[in-house]
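Following the hints, put chain B in place on chain A, whose structure we already have.
2 protein chains.
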Amino acid sequence: MNNERKQTRIAEIGEFGLIERLTQHIQLKNKSTLKGVGDDAAVMDYGNKCVVFSTDLLTEGIHFNLMYVPLKHLGYKAVIVNLSDIFAMNALPRQITVNLALSGKFSVEAVEELYSGIYLACENYGVDLIGGDTTSSLTGLTISISALGEADEKDLVYRSGARPGDVLCVSGDLGGAYAGLQLLERENEVFKVNPEMQPQLEGYDYILQRQLKPEARLDVVNAFEKLQVKPTSMIDISDGLSSEIMHLCKNSKVGCRLFEEKVPMDNQTKQMAGELNINPLVAALNGGEDYELLFTLSPEDAEKIKNDPDFTVIGEITEASEGTNLIATGGSAIPLQAQGWKHLED
Amino acid sequence: MNNERKQTRIAEIGEFGLIERLTQHIQLKNKSTLKGVGDDAAVMDYGNKCVVFSTDLLTEGIHFNLMYVPLKHLGYKAVIVNLSDIFAMNALPRQITVNLALSGKFSVEAVEELYSGIYLACENYGVDLIGGDTTSSLTGLTISISALGEADEKDLVYRSGARPGDVLCVSGDLGGAYAGLQLLERENEVFKVNPEMQPQLEGYDYILQRQLKPEARLDVVNAFEKLQVKPTSMIDISDGLSSEIMHLCKNSKVGCRLFEEKVPMDNQTKQMAGELNINPLVAALNGGEDYELLFTLSPEDAEKIKNDPDFTVIGEITEASEGTNLIATGGSAIPLQAQGWKHLED
Numbered sequence: 001m002n003n004e005r006k007q008t009r010i011a012e013i014g015e016f017g018l019i020e021r022l023t024q025h026i027q028l029k030n031k032s033t034l035k036g037v038g039d040d041a042a043v044m045d046y047g048n049k050c051v052v053f054s055t056d057l058l059t060e061g062i063h064f065n066l067m068y069v070p071l072k073h074l075g076y077k078a079v080i081v082n083l084s085d086i087f088a089m090n091a092l093p094r095q096i097t098v099n100l101a102l103s104g105k106f107s108v109e110a111v112e113e114l115y116s117g118i119y120l121a122c123e124n125y126g127v128d129l130i131g132g133d134t135t136s137s138l139t140g141l142t143i144s145i146s147a148l149g150e151a152d153e154k155d156l157v158y159r160s161g162a163r164p165g166d167v168l169c170v171s172g173d174l175g176g177a178y179a180g181l182q183l184l185e186r187e188n189e190v191f192k193v194n195p196e197m198q199p200q201l202e203g204y205d206y207i208l209q210r211q212l213k214p215e216a217r218l219d220v221v222n223a224f225e226k227l228q229v230k231p232t233s234m235i236d237i238s239d240g241l242s243s244e245i246m247h248l249c250k251n252s253k254v255g256c257r258l259f260e261e262k263v264p265m266d267n268q269t270k271q272m273a274g275e276l277n278i279n280p281l282v283a284a285l286n287g288g289e290d291y292e293l294l295f296t297l298s299p300e301d302a303e304k305i306k307n308d309p310d311f312t313v314i315g316e317i318t319e320a321s322e323g324t325n326l327i328a329t330g331g332s333a334i335p336l337q338a339q340g341w342k343h344l345e346d
Numbered sequence: 001m002n003n004e005r006k007q008t009r010i011a012e013i014g015e016f017g018l019i020e021r022l023t024q025h026i027q028l029k030n031k032s033t034l035k036g037v038g039d040d041a042a043v044m045d046y047g048n049k050c051v052v053f054s055t056d057l058l059t060e061g062i063h064f065n066l067m068y069v070p071l072k073h074l075g076y077k078a079v080i081v082n083l084s085d086i087f088a089m090n091a092l093p094r095q096i097t098v099n100l101a102l103s104g105k106f107s108v109e110a111v112e113e114l115y116s117g118i119y120l121a122c123e124n125y126g127v128d129l130i131g132g133d134t135t136s137s138l139t140g141l142t143i144s145i146s147a148l149g150e151a152d153e154k155d156l157v158y159r160s161g162a163r164p165g166d167v168l169c170v171s172g173d174l175g176g177a178y179a180g181l182q183l184l185e186r187e188n189e190v191f192k193v194n195p196e197m198q199p200q201l202e203g204y205d206y207i208l209q210r211q212l213k214p215e216a217r218l219d220v221v222n223a224f225e226k227l228q229v230k231p232t233s234m235i236d237i238s239d240g241l242s243s244e245i246m247h248l249c250k251n252s253k254v255g256c257r258l259f260e261e262k263v264p265m266d267n268q269t270k271q272m273a274g275e276l277n278i279n280p281l282v283a284a285l286n287g288g289e290d291y292e293l294l295f296t297l298s299p300e301d302a303e304k305i306k307n308d309p310d311f312t313v314i315g316e317i318t319e320a321s322e323g324t325n326l327i328a329t330g331g332s333a334i335p336l337q338a339q340g341w342k343h344l345e346d
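So the protein sequences, as listed, match chains A and B. With the working numbering applied, the first sequence closes on residue 346, and no number is skipped along the way. With the working numbering applied, the second sequence closes on residue 346, and no number is skipped along the way.
Isolated chain A, as found in the complex (with noise of 0.2 Å):
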């Protein structure tokens, strides 16, 4: 008896079979789409809303590993990490395309694994999948995902509006997403050792979550709707919070001050970086990938917010003069450092 599921090679359907066969069951949701795939371009009808436009590019080896990155998740965050762009404009994403080059190596199945995530990212944001392109590569896999959104030009948030006595806030908690992964490097490079040996992942689900399966903050969103917050800035956490102060300073020209003991962090989070042999500050500070919004307020807007535990303060803005600075617990101050993505370093 064999219980492998049929590999079907992309050969045997070909290009246009292929499309098809990812393609054929979608179902348009949003009135703004007059035409998805099937032409040379899509067509959208936003009426007086502005046009809000976001894209990445995700590649094999450098991004993710597919040693333990199982291509449903894969094919979900790749959708994640640009709608947590648009959210981060305070706008609604309306819809994407996804175009993937592959190698050889990827059946027709593995391919529609892929999809199957990143079709439930659609359905669990309301958004429609409208094109994209399909071809190959000579080794790996390669995604890029574009995100279409739309706001009223007066709810739009950019980098550039956070001023001095302005508080400075985050969603949720941070450095989750890199205990995650250095949880699953490490179980990997066991596993390459002794592949009889099973993974230790247990008791650390939300860390392995935040890492394979995160979320973007379309519920913050709907939040500052709800409360009649505006934020004064805003940008989302992809490189790490110090990298996404830096960003949100500079443009606004104006400096901070972070409070190390308001950073907030997971239990597993600690525990995790306990493990390692590290500050869990730092993966708070230079992780990433956790996908959080990090945002300023005016002070009458932050008293709005204070009584939701899901919004910390984190710090405080001041005058450019004053540098971009992490308070350490015991009051000293530390200037930060923009790490951006090193890939480009190695």
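Treat each hint with caution, since some may be false.
Because identical chains cannot be distinguished in the list, a pair is counted as satisfied if it fits within a single copy or across any two copies.
[Claimed, not checked] Straight-line Cα separation of at most 25 Å, SDA-like style, residue types lysine to any residue; simulated pairs:
#1 Lys154 with Asn48
#2 Lys29 with Lys49
#3 Lys154 with Gly38
#4 Lys154 with Glu225
Quick caveat, the hints were computed from the structure, so don't treat them as lab data.
Okay, now just chain B, sitting in the frame of chain A:
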């Protein structure tokens, strides 16, 4: 004395340094561009126009060979490919984004050279570069470009509007890009055997330009407006005439008769085909990358373009039951075959 241009490793200036260097001279030209590079997402206001969106992915070794494609030309062509899709909707492009994945072999200067072609295309077609993503890859170069454009809803032309009795037309001439590619491949093989040999490219400037620096047909879309012509259906020729005709007919639920002797081809294309001992018609039908526009016109609209030497009537639309046929010079009907892209089938 060292005449070599200085090569800077990307690691020396980092990701943010590279992006700043590549985008520092951008001046936005379109009033629809509210926010370009530098935030989580770009923002556009199209007023009451529809938004048209297209995206593409090009990978090294599949879509281009850096042995003979200069980086500047590659950047230019990568933009053109997407603009062509926007024109094929009878729309006008306004913005593009550029995603790059680079392996360690590329210097800052090499990326700047690629961008110089991207910016030249932006300049020539009046579009704004509004963002993107620059990251690393384990091997080779991947480019994903997206284009946003606009049109009044009434002006949009889909693949689905062709009707029996319509006239099938094409702009420019076909097969040249394929002939140019074959020439470059041949000379590259010669070079690999004997690097001292100078490539034999004289007299083939036109087909080389068709392959290395194609243009997208903004002038055709402008001509339609001037002549008050609205095609009933349209598609751009990226995969080859045969495949595109079959897309148009399938989407429009019609058939067609394509007349062999009407297919426009340049003399250089025919000459190169002769040297390669292939039928030039094969280059036109299956070669691809010509980025001409294939469209159908009502008989009344066909009257308006008949004196324009840049348009050629190549066939007629029939009932679907008659199939999609090539009518050979001798009069016999041969069913067209879609080739599509063969990369995924290798």
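Now for the hints, and whether the structure bears them out:
1. Lys154 with Asn48: both (12 Å within a copy, 17 Å between copies)
2. Lys29 with Lys49: Close inside one copy (18 Å) and across copies (21 Å); limit 25 Å.
3. Lys154 with Gly38: Answer is between; shortest inter-copy Cα gap is 19 Å, intra-copy 34 Å.
4. Lys154 with Glu225: within (12 Å within a copy, 35 Å between copies)
The structure is consistent with each of the numbered hints, conforming to all of them.
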